[in-house]
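Residue numbers (our numbering), protein chains in the order written: chain A, 1 to 246; chain B, 1001 to 1317.
Just so you know, these hints were derived from the structure itself, not from any lab.
Everything numeric in this text was worked out from a predicted model, so none of it was measured.
Note that beta-carbon positions come from the ideal geometry of N, C-alpha and C, so glycine has one too.
Be aware that one or more of the hints could be misleading.
Covered stretches of chain B (chain A as the covering partner; in silico rule of three or more C-beta atoms under 8 Å from a C-beta of chain A) [said to hold, decoys possible]: (1) 1028 to 1039; (2) 1082 to 1096; (3) 1114 to 1121; (4) 1177 to 1185; (5) 1212 to 1220.
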Amino acid sequence: MKILVCITHVPDTTSKISFTDNQTKLDSTGVQFIIGPYDDYALARAIELKEANAGTTVTVLNVGPADTEPTLRKALAIGADDAVRVNADPKDSFFVATQIAEHAKSVGYDLILMGRESIDYNSGVVHGLVGELLGMPSVSPVMKLELAGTNAKLVCEIEGGKENVELTLPFVAGCQEPIAEWKIPNMRGIMSARTKPLQVVEAKAADSGVQLQKFELPPPKGAVKMISPDNVAELVNLLKNEAKVI
Amino acid sequence: MSILVFVETAEGKVKKTSLEAVAFAHALGGPVTAIALGAAEADELGALGKYGAQKVLHANDAKLNAGITQAYTSVLIKALADEQADTLVLANSSLGTPVAARIAAKTGASLATNVVEVPKGTSPFVVKRSIYTGKAFSYLELTGAKKVIAIKKNAATVAEVGSAVAVTPYAVTLSDADFAVKITSSEKATGEVLLPEANIVVSGGRGMKGPEHWGILEELAKTLHAATGCSKPVSDMGWRPHHEHVGQTGVKVAPQLYIAVGISGAIQHLAGVNSSKVIVVINKDPEAPFFKAADYGIAGDAFDVLPKLTEALKAGR
């Protein structure tokens, strides 16, 4: 079985976000980049499936410039067999999905996993776009994924609950916790990652019909108004008459 | 522009964010057709006329009672063609967002999800999106003649602008390929306020000291007609189900009022609540970082403050 895991290269969840170049570019000064947390769950599940099913290979893919390679190497250290970097700025979801679909067509994967959404642009659409571009079913957000041959049993989250879902390979899944525990690379993994293949391919053109104009930060938050625990009636009064939310 | 709005229902009723999607489409101008798929109450659908829909379609086929992405995609693509609509508006949700993606890929439409407000104009057509999990916004111009827009909660104000309309049945032809994904069963909270839809959310963290103490929090939530949420540690420890986990890797909420009880306010939790209009923090530790992100704070013991707050609210009725 061939599994493709698509990963994003995103600022750590604790990063302070700011922009440069006339508010059109992320200011990456002092920002630590990580594998997207949701993508990390997808990768961990792929490695588990590889360990449980002999002959399974896991390829990781990222659409990004050369400085995302340490993130791909980390995925190799966690246990992926090889990596593909599509050499382009991941400017929008349709562009990224096109690159994933083009690569997937050339290889023919049985299972394509990724996070439910990236934590930078939060679109949550790449799995659906890739599914449609490849003519495969897509499912998201997947909390549990079990395979028996080509039959898959999944648990997907819905608002206020979950659904049990069945389908057959191949398909695309957007993953989230608790599909697997995050894996931390060990020393052996880190050493072997250095020599695992990392292929760089050029991007295909894709007309997504969207154009970024600028980024913006939300206005700063005002100071907190503290209320004594002995005067909760004052809180009720403020919520009613000042904030007008109850 | 001619707009189709995909309306989601829960237990027969139109979801609040779907009402906002109708209001959003109305604010854009141009004729608005709303469509609901699967079982729904006719009165609820007809009432969409009040909020801006000129026409309401209902594809009432039992096969569509479960929200299957591919099947919904096929029906909505056909409805877009039948209604000669160039723009689809829907709510961001576990169903709506993937459906938006597949439709955009199939039709070549410009796609934007997580849209937080009605565009100022339609030429150029610029949407404001929430990014970096609520830490920033982006302005994106949609240049295609066809557009698919998924809105975040509170993106539009629902107001009565017309009167109820008759619901038109919408016939669908479904193929086996539409049902490659089979939903075999589901577990869903019923009769409760759904967390992503709620106007008020009361959340508990580790400070609640155990699942057996959730009663006082639920009592407060009930008094406020609020949904209950929790922090990641609480869901990780199995005190509460995962669908109540609010935060970076859980549900992102955007209520009018968010009340956090016994939650320290890790940045990952704040990422799930920073679209709330007003935040109240109740925490024993006056140094808890959450107070910095709050509008109102009480430095006090949850087990003392919650019952008093519930009483004060009941007394104020």
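Going through the hints against the structure:
1. Three residues within the 8 Å Cβ limit are the bar, and the segment 1028 to 1039 of chain B against chain A gives 0, so the coverage statement is violated.
2. Residue count for the segment 1082 to 1096 of chain B with a Cβ under 8 Å from a Cβ of chain A: 4. That meets the three needed, and the coverage hint holds.
3. With 1 residues having a Cβ less than 8 Å from any Cβ of chain A, the segment 1114 to 1121 of chain B misses the three-residue criterion, and the hint is violated.
4. Under the rule that three or more residues need a Cβ within less than 8 Å of chain A, the assignment of the segment 1177 to 1185 of chain B holds, with 6 such residues.
5. Beta-carbon proximity to chain A at under 8 Å applies to 0 residues in the segment 1212 to 1220 of chain B; the threshold of 3 is not reached and the given coverage is violated.
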